[in-house]
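Novice: Sequence:
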Amino acid sequence: MVYISDFLEFQAKALDLLSRDPIQTRYVTKYRQKDNEAVIKVTNDKECWQFKIDQSNMEHANDYISQITQSFIKLSCNRRVDDAAAVEGGAGAGGKKKGKKGGKH
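Letter by letter, the sequence shown follows residues 4 to 108 in the working numbering.
FYI, nobody ran anything at the bench for these hints, they're computed from the structure.
Hints should not be assumed to be uniformly reliable.
To be verified - The calculated DSSO-like cross-link candidates involving lysine-lysine, where the alpha carbons are at most 30 Å apart (straight line), are:
no., residue 1, residue 2
1, 16, 77
2, 33, 55
3, 77, 37
4, 33, 44
Just so you know, these numbers come straight off a predicted model, no measurement behind them.
Build the full structure now, drawing on both the sequences and the hints.
Specialist: Structure representation (structure tokens):
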């Protein structure tokens, strides 16, 4: 896990990771009231980037979190329809699986 000190660099690396692996990439935000710090983490289980918001930057925390959230939503919604259909078709092909229900043993 690598902490990046510049938010613009962190955002660029996070968006690059999302564009390379959109299905597996996710982000998490954590806030520790005791230490008055927040962390934004972006990972795809192979790479992990983190940005720490400490007391000196806490007034910008909402801006940072909003920017990364908007960027992720924007990239997620701008995917081609063919790509989304292929992902949905591959995962849900064949409909529901039918299991045994009250049959003879």
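Novice: The structure should be examined with respect to each hint, and the outcome stated for every one.
Specialist: To see whether the hints hold, each was checked on the structure:
A distance of roughly 16 Å separates the Cα atoms of residue 16 and residue 77; the hinted pair therefore holds under the 30 Å criterion. For the hint pairing residue 33 with residue 55, the CA-to-CA distance comes to about 10 Å; that is within 30 Å, so the pair holds. Between residue 77 and residue 37, the direct Cα distance comes to roughly 33 Å. Violation of the 30 Å bound is thereby established for this hinted pair. About 8 Å separates the Cα atoms of residue 33 and residue 44, which keeps this hinted pair within 30 Å; it holds.
The structure fails hint 3 only (numbered hints given earlier).
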